[in-house]
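One line per chain: the protein sequences are A and B, in this order. Going letter by letter, the first sequence gives residues 9 to 324 in this note's numbering. Going letter by letter, the second sequence gives residues 9 to 324 in this note's numbering.
Heads up, a few of these hints could be off.
[What the hints assert, rightly or not] Here are the computed lysine-lysine pairs in the DSSO-like style, where the Cα-Cα straight-line distance is at most 30 Å:
1. B:K10 to B:K202
2. B:K318 to A:K37
3. A:K284 to B:K284
4. B:K306 to A:K323
5. B:K318 to B:K306
6. A:K284 to B:K15
7. B:K306 to A:K131
8. A:K202 to B:K202
9. B:K14 to B:K131
10. B:K43 to A:K306
11. A:K306 to B:K260
12. B:K306 to A:K284
13. A:K260 to A:K284
14. B:K260 to B:K284
[As the list claims (entries may be wrong)] If you anchor each label on the Cβ, the simulated ranges turn out as follows:
15. B:N288 to A:E113: 20 to 28 Å
16. A:R77 to B:K43: 56 to 64 Å
17. A:K202 to B:G259: 38 to 46 Å
18. B:G259 to A:D210: 52 to 60 Å
If you're looking for bench data, these hints aren't it; they were derived computationally from the structure. By construction, the Cβ of each residue, glycine as well, lies at the ideal position given by its N, Cα and C atoms.
Protein chains: 2
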Amino acid sequence: MKGEAKKILQGNQLAAARLIRLLEDAEPKGIQILKALYPHTGNAFILGLTGPPGVGKSTLLAHLITEFRQRDLKVGVVAVDPSSPISGGALLGDRLRMRKHTEDEGVFIRSMATRGHLGGLSKTTKEAVLVLDAMGYDVIVIETVGVGQDEVEVAESVHTTAVVSLPGMGDEIQAMKAGLLEIGDIFVVNKADKPGADDVVDQLRLMLDMRTGSDNEWKPPIIKTVAIDGQGVIELVDAFSAHRQYLVETGKFDERNVEREYQFFRRLVMEMAADKIFDNLDDLPAYNDLITNLITRKVDPYTAAETLVKGIQCKI
Amino acid sequence: MKGEAKKILQGNQLAAARLIRLLEDAEPKGIQILKALYPHTGNAFILGLTGPPGVGKSTLLAHLITEFRQRDLKVGVVAVDPSSPISGGALLGDRLRMRKHTEDEGVFIRSMATRGHLGGLSKTTKEAVLVLDAMGYDVIVIETVGVGQDEVEVAESVHTTAVVSLPGMGDEIQAMKAGLLEIGDIFVVNKADKPGADDVVDQLRLMLDMRTGSDNEWKPPIIKTVAIDGQGVIELVDAFSAHRQYLVETGKFDERNVEREYQFFRRLVMEMAADKIFDNLDDLPAYNDLITNLITRKVDPYTAAETLVKGIQCKI
Chain A
9 MKGEAKKILQ GNQLAAARLI RLLEDAEPKG IQILKALYPH TGNAFILGLT GPPGVGKSTL
69 LAHLITEFRQ RDLKVGVVAV DPSSPISGGA LLGDRLRMRK HTEDEGVFIR SMATRGHLGG
129 LSKTTKEAVL VLDAMGYDVI VIETVGVGQD EVEVAESVHT TAVVSLPGMG DEIQAMKAGL
189 LEIGDIFVVN KADKPGADDV VDQLRLMLDM RTGSDNEWKP PIIKTVAIDG QGVIELVDAF
249 SAHRQYLVET GKFDERNVER EYQFFRRLVM EMAADKIFDN LDDLPAYNDL ITNLITRKVD
309 PYTAAETLVK GIQCKI
Chain B
9 MKGEAKKILQ GNQLAAARLI RLLEDAEPKG IQILKALYPH TGNAFILGLT GPPGVGKSTL
69 LAHLITEFRQ RDLKVGVVAV DPSSPISGGA LLGDRLRMRK HTEDEGVFIR SMATRGHLGG
129 LSKTTKEAVL VLDAMGYDVI VIETVGVGQD EVEVAESVHT TAVVSLPGMG DEIQAMKAGL
189 LEIGDIFVVN KADKPGADDV VDQLRLMLDM RTGSDNEWKP PIIKTVAIDG QGVIELVDAF
249 SAHRQYLVET GKFDERNVER EYQFFRRLVM EMAADKIFDN LDDLPAYNDL ITNLITRKVD
309 PYTAAETLVK GIQCKI
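Chain A on its own, in the form it takes in the complex:
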């Protein structure tokens, strides 16, 4: 075990931050360290916290961390939300709440959006989760904003997803729920002291009852919270625990771990295979002809891709 990997296994947060930065930059040295850490991963309970901007995810997260710490659990946070407190975009109150946690050795918070590059977020996020997992954090929360490809990919890689919404968000944001509805294991109606909170709960319940899917055994709870003063946070943590227990008892906890590793592996194969295929092509006249025909629209991209892939052979 090399020095950096050892430090990270011992919980050294500076070493972990250095490694995550290497991984963000796709540095081979980072991958080498992550390989050494890998056998020590697979123990964390991984949560997703998602919802549109402005619903109070950051404030809720600050209180969630407090409650997890009360229960003697170490908490890691990977914030994929560009508006998360770490990146400086949040309200002063959240920054103060978070500062309390940053002085706690049992809490480690990393934002994946500070470097300004948005591409490849889901890959780097998964790598950061592996690092925090190896460090021994019991609970890892991935905070994402909105709904899109990133969120769906992140949801596929966590054990439990909580979707946060608000009363009175207006038609446009209500419509987003159609996408978020599919990925939620737990639903949170925040700012539940505002008018219309019970209406949102009723609407969600109705939509959830109509939701079709193979996983009919788990009935997603809808938790009302007032994040600003911590109301409902204990109930929310209880709901996370209940879902974890459900996953363990049904064997789905291990299934999701296996599926996550397999998908990550498959994604790596895709990227490495593409690099290998394209790296060796530039000097070949046949490839240059193909690209010329593509650019001049003499050949369509599907036919061009089929031509190239036809020449690929794979043995193991």
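Guided by the hints, dock chain B onto chain A, whose structure is given.
Chain B in isolation, oriented as in the chain A frame:
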């Protein structure tokens, strides 16, 4: 030229809708038709309209269509936004405004979110744009929500991106601009009759002046609009025209077309190569051993992927 492709080239909207549905379902028949259409693409001016939910993109879009039609341009719309009017999540006023357009032969609007599947949106979106391009629409607008991998990929594939924001959106949404700032060619401050509009314009101008990038020749304009009654829409369409002219004069219009085709081709190669690699592996004992070691964490996903990719050979 087969029947379906011919109908689409003649502008038949029902045939186009059928084809886009086939492409959403990844049906080989859809790809065959798209191949036939491909030589007829590459003529449209492709715009991206993006911003957080609630900023009034749909209302703005309805007025934009009217103004483009005034200028005798045929307009296609691909709405990647789940809250777009087509999917039924929008305000009644927008639906009425859109209905007027749906009865106009020179307008074609497709939503990519009605089917409820969120994965692979950016690929299907590009395919839908190709279909509309082949149909002869002069302007194609891609409407997306929020900021994420999808938006960045969409921004990479359009000629001109307009980013819409609002006065007084609060800290959290302001922070999102950091991501949106990078991809905007034109910025729109909608609801500019609300207090604080000039402050947002000033902030944006300041942030844009600090924006670093190779493309220093184009100074992104900031347009104030009141979408609900169409104020500023003429100026916005003028800004789109000015950016188009800038792209054409500097050769960037063709460059972006070429880059878009190349990236689409590269993406297809990645997907087809992965399918080819994995399709033939399941029966191989060596592969099954590799997966067993992966699942039991005896081998890490990087090493497993390297092992597999090592055996790939590519000739053309």
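Quick check: which numbered hints come out false for this structure?
-> 1, 6, 13, 14, 15, 17
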